[in-house]
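**Student:** Position chain B relative to chain A; hints supplied.
Each chain, written out:
Number of protein chains: 2
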Amino acid sequence: MTTTPSAGASEESEEQSRSAQKRRAILDAATEIFLQKGYLATNMDEIAARAAVSKQTVYKNFPGKETLFIEIVSSVTTRAGDRVYDQMPEIAAGEDISEYLQRYAYRQLTVVLTRRVMQLRRLVIGEVGRFPELARALFDGGPKRAVATLALLFERLADRGLLAIDDPALAASQFNWLIMAEPLNRAMLLGDEAIPKPAELRRHAAAGVRMFLASYGKARRPKR
Amino acid sequence: MTTTPSAGASEESEEQSRSAQKRRAILDAATEIFLQKGYLATNMDEIAARAAVSKQTVYKNFPGKETLFIEIVSSVTTRAGDRVYDQMPEIAAGEDISEYLQRYAYRQLTVVLTRRVMQLRRLVIGEVGRFPELARALFDGGPKRAVATLALLFERLADRGLLAIDDPALAASQFNWLIMAEPLNRAMLLGDEAIPKPAELRRHAAAGVRMFLASYGKARRPKR
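Going down the list, the sequences are from chains A and B.
Using this note's numbering, you'd call the opening residue of the first sequence number 1 and step up by one each time.
Using this note's numbering, you'd call the opening residue of the second sequence number 1 and step up by one each time.
Pulled out of the complex, with its shape left as it was, chain A reads as follows (with noise of 0.2 Å):
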């Protein structure tokens, strides 16, 4: 053997960066012209001309344009819901139940209202009836995953007494949606633009927070 073993590595590992170079670019240039055009126009020639590579390198890395989507739809999802979840801080020594709910509403609200995220999931709902296996994945991904790590919170919180809660599933569903459904529903409707301003979203969390603990706070609240 002549070849040093360390310039076949370094040769391999410079091939596997720019394959993955390549893979970036395309769902990257897939990305735009799905939520461009929409996915029934969206066609593989564009989506490689606009990341540079040939036809054949889009067909190595994706067989067709269903698995691109996919790939796109649930890299966008776990992204998302991977900053709720790796983000979400414990209580802090002293902290008001009320203030630390208000931190995690408003940060899952920053973390799903976003221009790209609101497009997918348009471009994702649209296509239902062709794709059922894409929106089942953003709904695993999104809303699903985002009530269980609720729920898990709500229990941890009622085993220190923060909170008095019988059934965490429920309370957590009720909780994701007192926070997300108004604003989502506005954002879905009346496009990127009607994504509230953080100043309305911090509103909009407290007054859900405030509902949330009047059911499921462990002090009494004062009476109105």
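Treat the hints with care, since some could be wrong.
Copies of one chain are not kept apart here, so a pair can be met inside one copy or by any two copies together.
Computed cross-link-like contacts, BS3-like style, restricted to lysine-lysine with a CA-CA straight-line distance of at most 27 Å [said to hold, decoys possible]: (1) K60 to K22; (2) K65 to K22; (3) K60 to K37; (4) K22 to K37; (5) K37 to K65; (6) K197 to K144; (7) K55 to K65; (8) K55 to K22.
The set of hints was computed from the structure by calculation and includes no laboratory data.
These numbers were taken from a predicted model, which means no experiment stands behind them.
**Tutor:** Same frame as chain A, but now just chain B:
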């Protein structure tokens, strides 16, 4: 004048009725085809063939595919809204406020969560980029109208001392989304088969009303 006026009127009204029938047939055919194929893949030739009228007749009634689409979405949305609004009962003498609100919530759920409304809603959301005015019509005739109707109802109930509400618009929005969001999101993403069954909708309505009354009920809820 030898022709009798009644004969002329009758011919005219027969002509009107034939026109109305054709218009109805075009709308029905177009609805089926839009829902089946999506907006982009639908064309006027196919609509004419399915409605068994000439293409000229289609164009005489609707200048283009877009007008036809708007007419369909508006009429389905308006009909659903009318059903919620027109069938809204006053609270019966001696009726429990919780039961009354559960009836209200259940009726709204069953009017909105139909296959036809869900399919159109998906189609409209998928086309927000191309037809923002269409989604705006669905927003105005759907959730916005529902929340405004609820706000007026809650004002009346508060005036009668049955609810304790400072901000009827906020309470209306919270009620609406506590009730509608979870099953609506499920049906949007998981398809028509995921529309919950009546027993499930009643349980869901009861849980939403319980949470609503913990914030806005007059009587103290029994403490858990």
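**Student:** Work down the list of hints and note, for each, if the structure agrees.
**Tutor:** Quick rundown of the hints versus the structure:
Taking CA atoms no more than 27 Å apart as the test, K60 paired with K22 passes inside one copy only; the shortest distance there is 11 Å, against 52 Å between copies. Only within a single protomer do K65 and K22 lie at most 27 Å apart by alpha-carbon distance; the minimum there is 16 Å, versus 40 Å between protomers. In the homo-oligomer, the alpha carbons of K60 and K37 lie at most 27 Å apart inside one protomer (23 Å), although the nearest pairing across protomers, at 30 Å, exceeds that limit. Proximity of K22 and K37 under a CA criterion of 27 Å is satisfied intra-copy only: 22 Å inside one chain copy versus 34 Å between copies.
Taking CA atoms no more than 27 Å apart as the test, K37 paired with K65 passes in both settings, with 13 Å inside one copy and 18 Å between copies. In the homo-oligomer, the alpha carbons of K197 and K144 lie at most 27 Å apart both inside one protomer (25 Å) and across protomers (19 Å), since each shortest distance falls under that limit. Proximity of K55 to K65 under the C-alpha cut-off of 27 Å is restricted to the intra-copy arrangement: shortest distance 12 Å within a copy versus 35 Å between copies. Taking identical chains as interchangeable, the C-alpha atoms of K55 and K22 lie at most 27 Å apart only when both belong to the same chain, with a minimum of 12 Å there against 48 Å between chains.
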